[in-house]
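Put chain F on the given structure of chain U with help from the hints.
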Amino acid sequence: MIPDFDQQGKVETKEWVPEVAAPAVLLENVSKSYGRIFALSNITLALNGGVTGVLGMNGAGKSTLFNLLMGKLKVSQGSIKLFGTDPWKNPAPYARVGFVPEHEKMYDWMTGHGFVSTFARLNGLTRDEANIEADRVLEFVGLTDVAYKKIGQYSKGMRQRAKIAHALVNDPELIILDEPLQGCDPLARTTIMNVIRELGRMGRTVLVSSHILQEIERITEQIVILHQGRLLALGNLHSIRERLDKIPHRISIRAENPKQLAKDVIDIDEVFGISFPDGENISIQTHNLGAIHSQLPRIIVDNNHKVSTIDNPDDDLASILGYLTSGGSM
Amino acid sequence: METKPDSIYRAFDRKASAIIEFTLRQYRTKTSTWVVLGVGFVALSLIFLIYIDVMGSEFESIDNDGDSTDYDNDGYPRGQELRLGTDPWDSESHPGLFDPPIEPDPVSMYINEDGFDWDITTQLGTQTTGMDDDGDCLDSNKTDSQKDSNNNGIPCDIIIEYFESDGKIYSNIYADSGVDEDPDEDAYSREAIHLAFVLSIGKLGFVLLLGIFLPLFLATGLIRDEMSSGTMHFMLAKPIARTEVFLYRTLGYLGIVWPYVIVLGILGALISGFVGPSDSFFRFADLGVWLAIIFATMMATLVYGMLFNALGVMWKYGIILAIPFAAWELGMALLSMGAPDAFLLRFSVIGWALMIVDSAAMLVWPNLDLFILMGNWGGGGVGSWNFDSSLDGAGPLGFFSSKPGLGLSAFSGTIVATLVLLFQAIIFWFVGGAIFKGKEIQ
Chain U
33 MIPDFDQQGK VETKEWVPEV AAPAVLLENV SKSYGRIFAL SNITLALNGG
83 VTGVLGMNGA GKSTLFNLLM GKLKVSQGSI KLFGTDPWKN PAPYARVGFV
133 PEHEKMYDWM TGHGFVSTFA RLNGLTRDEA NIEADRVLEF VGLTDVAYKK
183 IGQYSKGMRQ RAKIAHALVN DPELIILDEP LQGCDPLART TIMNVIRELG
233 RMGRTVLVSS HILQEIERIT EQIVILHQGR LLALGNLHSI RERLDKIPHR
283 ISIRAENPKQ LAKDVIDIDE VFGISFPDGE NISIQTHNLG AIHSQLPRII
333 VDNNHKVSTI DNPDDDLASI LGYLTSGGSM
Chain F
900 METKPDSIYR AFDRKASAII EFTLRQYRTK TSTWVVLGVG FVALSLIFLI
950 YIDVMGSEFE SIDNDGDSTD YDNDGYPRGQ ELRLGTDPWD SESHPGLFDP
1000 PIEPDPVSMY INEDGFDWDI TTQLGTQTTG MDDDGDCLDS NKTDSQKDSN
1050 NNGIPCDIII EYFESDGKIY SNIYADSGVD EDPDEDAYSR EAIHLAFVLS
1100 IGKLGFVLLL GIFLPLFLAT GLIRDEMSSG TMHFMLAKPI ARTEVFLYRT
1150 LGYLGIVWPY VIVLGILGAL ISGFVGPSDS FFRFADLGVW LAIIFATMMA
1200 TLVYGMLFNA LGVMWKYGII LAIPFAAWEL GMALLSMGAP DAFLLRFSVI
1250 GWALMIVDSA AMLVWPNLDL FILMGNWGGG GVGSWNFDSS LDGAGPLGFF
1300 SSKPGLGLSA FSGTIVATLV LLFQAIIFWF VGGAIFKGKE IQ
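Residue numbers (the numbering used here), protein chains in the order written: chain U, 33 to 362; chain F, 900 to 1341.
With the rest of the complex left out, here is chain U (with noise of 0.2 angstroms):
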């Protein structure tokens, strides 16, 4: 084979065929552990197309689960297959693969655009090829402006992005975000999050993981929680939140006539029980989150209340850990 140093010609045709019928992740019975300890312990997923949130708290095993993924960690036992080829044993599968890790260090020395198009050209692509790849998925991303500026004058933000244009340069089926909202700016995060809808609108495999519920919420209704290296749920988000509906729910009201907003929630059949905290809160005990929420506005519209706020303290992610650990298995 003569070297290509021009890099001018076309990429050979044998390429790596993936199985047909195979799903884009496929995981059997998946354990990782270190000595005695399970980073993750059990898992059986199979996710092809859409947008999966993997939800979790720091050290859930969400990394370990992308790691693994990757081919950067060998499974102790199980299997795991990414469009029907282990990636442990065969690098091959990402060349429909897009992998933005957590890492935060970066080739600072690198402009984002020759970041991205030297790493397109692992993918096979020709130097010219790598460069229009490169410039459509920063403009994709929002990073055309600063395209060949050094990485290191980058923002969090612009940084995350550069990562993400990275992952998608090959144009792949699969995408898996490691945390890619973590520390950014507003601005960035709402880009990042059109992005990612926007793949997932796509038809492609999107996996994103959070520690934050609500930033997940914003991206997709499939979720994965994982707790303590285990499998805690999979599915809608919704149908999570009506069986959380079920169980005791505070809703936390900043009024500024509390008591007579309680005289007139009162009424609602759902309500349990109220407490008044502080002068200024009222908080509302109920098993049927969602009633409350559909009559909560026309109660204080037709009594010309003044609200400041209104909290669901008990919707986020460590409530709902503490609901699923606590018995309530789906």
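Since the hints were derived computationally from the structure, they do not count as laboratory data. Bear in mind that the values here come from a model prediction, so they are computed numbers and not experimental data. Yeah, the Cβ is synthetic: ideal placement off N, Cα and C, and Gly gets one too. Heads up, none of these hints are tricks.
Chain F is faced by these chain U residues, among others (derived, beta-carbon under 7 angstroms):
1) Lys104
2) Lys137
3) Trp141
When the alpha-carbon atoms are kept at most 20 angstroms apart in a straight line, the in silico DMTMM-like pairs for lysine to aspartate or glutamate are as follows:
4) U:Lys106 with F:Glu1339
5) U:Lys181 with U:Asp140
6) U:Lys121 with F:Glu1143
7) U:Lys188 with U:Glu247
8) F:Lys1336 with U:Asp118
9) U:Lys106 with U:Glu134
10) U:Lys137 with F:Glu1339
11) U:Lys113 with F:Glu1339
12) U:Lys182 with F:Glu920
13) F:Lys1046 with F:Asp1016
14) U:Lys137 with F:Asp1124
Chain F alone, transformed into the frame defined by chain U:
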């Protein structure tokens, strides 16, 4: 139901050029690269400066046979009195009393007046050579037996005898008195020190020092640094085998080290070519040896690069593992100069690399052995006050030069050593690649 074998082995050249290019640009941005290359340059420059200084100084001419001295203070040197038949110890007997009187010769005529004329090659057996340039052996006053003190029937010659014992070559020199007994110290020492310098800077400065020092600091971190900083995730998220990454990173390292070695080697060749003793303005003859030095250093940086890169993958503190290797290789380098046939040398990198230099030296300077032999003999110490008659430079040259091992000829020695080094590089690539492949990366 796999219809085709899964393969990542396509577009090799594109991936290779991308990683090599990337690695080179990465080196360029690191201060440590420039420090390492700068230190190497300064270290070699110092040695070159010492060499230039030595070549610029005079080597004292010694009257090895003592015939320039006027012992009886009659104004005539001993050599002239002996030649003309007067008594060198009697001030009342000198050529000035002849009719007509003869003027005294200048003293310088009797210093360095009988140099080496050895026209033989190194081979087993007995050979005769040498010529009495100043006529103090062929003196008509001497008897035939005085002219043939080595008793071989040939007046005024030197017998050189090579013989083998226990697999080693030894030599004896039997010279007729007064033959080649007053060599030109300056000419011999300048040449010998020049040759010794080329060999020593080539073997120790280039092959050993650059060969180990450059990969120690530039190759150990090729994979390790990427793993510890987490940036390896970017490269390994692509359809590329880890053994490929290992190879291409090492090639990127060679992309900076090889040009550097070539430039320094050419610099060395130019300096020694212009400064070294020569009839013309430049010593073209040495270029072959410099070529071998550059080539041997390139091979050494290749093998050590693969090895140290592998050590870096094996352990975060791979540089600590590399140090015992470096020490071993230093020992082997010294061993190769003393005993180029030592069995242990086969288990080193440097032993094979130095074999390339030795082969080239044998090819370019075929009479090196004889040259060292004549320097050690140094006229045979005719003047009894000159206990050690060997000439300056002969000792170091003897130390730094050695025969290519395995009893191979220059050409086959180079080929064998090159093949062995390539084989070692491939072995270290496979080993490093296999370790890297089995490595879990957090």
